[in-house]
Amino acid sequence: MKPLPDNPPPNQDDLLADFADLINKDNTAEFDLSTDEELRGLEEMLLRLNRAFPYEPLNEDITKRMHADFGIRRRRQAQQEKTSERRSWLASLFRSPLALAVSTIVLVSALFFLLPSFTGLDSSLSGAAGGQTGLFGLLITVGIVAILFLAFWLGRRK
Amino acid sequence: MINTSSASEEELIQQFNEGCLDAFDVLYRRYLPSVYNRVRFMIPAEDVEDVTQEVFLAAIKSLPSFRGDAQFSTWLRTITNHKVAEFYRKRNRKQEVQQAPLSEAAGRVEGHTSKMMEERIILRRALEQLSSSHQEVLVLRFGEDLQFSQIAEVMGQSLEATKSLFRRAVTALKNKLDE
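Chains as they are written, first to last, in our numbering: chain L, 1 to 158; chain H, 1 to 179.
Among these hints, one or two may not hold up.
In silico EDC-like links for lysine to aspartate or glutamate, alpha-carbon gap of 20 Å or less [unchecked claim]: (1) L/64 <-> H/49; (2) L/64 <-> H/25; (3) H/174 <-> L/60; (4) L/25 <-> H/145; (5) H/90 <-> H/54.
Rather than coming from a laboratory, the hints here were simulated on the basis of the structure.
Could you put the whole structure together from the sequences, leaning on the hints where they help?
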């Protein structure tokens, strides 16, 4: 039985990996290529790849500029997220029947409490008969708003 | 409070999730070179900075859901790959009909000769056609400049398996270019 050599010859995987390490250190130097045709073809491929994409460490100027730009983009993104959160909150208001009912009640109540000031203003300008007309008009407005809300909600449901 | 510049990734992520926004700046400065170089290997020069920033913006958005199952660097590489894929999807949608000729893309970026730019485009197109593991090992070696022992760790393989994968990747790339 033939004894195993102390240092077995390196295989192509190791040779190619070593070559990759070597050319990465200096991509301008001339390198001795392997005499093995197959390995030489792969080494040439590595040289081509390394020359097209030489490793260039990022310099401090680019890092600083990009960091500053990132800060701006980050703030812009945060702002956009807030805006879209607000939009989705408003949209959810019309999607949920409960939320829609509550907001309608709030709106109608607000209008109801504002009613005396409206009628007061109207009556001072037009007299008592005019005040009744103003009240009637306001109630119609409230009704229309409520119907619009309902119609909008039903429209969204479909 | 932990000194952010010397803090570990886990500590920085925890600080960020607790509301210390500066913690992400440390992560940004720490990982910018590797993300930038990875993107530079895969994306045309004029879009490298944009895509790099997109990666970090996506990271900042998803960081609260990062559970630490994988290393932060691995997680960031996954985001980078998604953003690179997204970049090509968007570009293909825009340029499906009128694909810019190689010579047109050349000479856009200062300091790079048109021949080099053309060569990059040819190599990138060939790289895109390789399997993901072949692409990954070449990007880690030439894009991120990692040593084979580091690549083995990232890919969860032995050093021998990594070197073998590397040789097969180079062979596949050569075959693609010879076609």
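Ascending list of hint numbers which this structure does not respect: Result: hint 3 breaks, nothing else.
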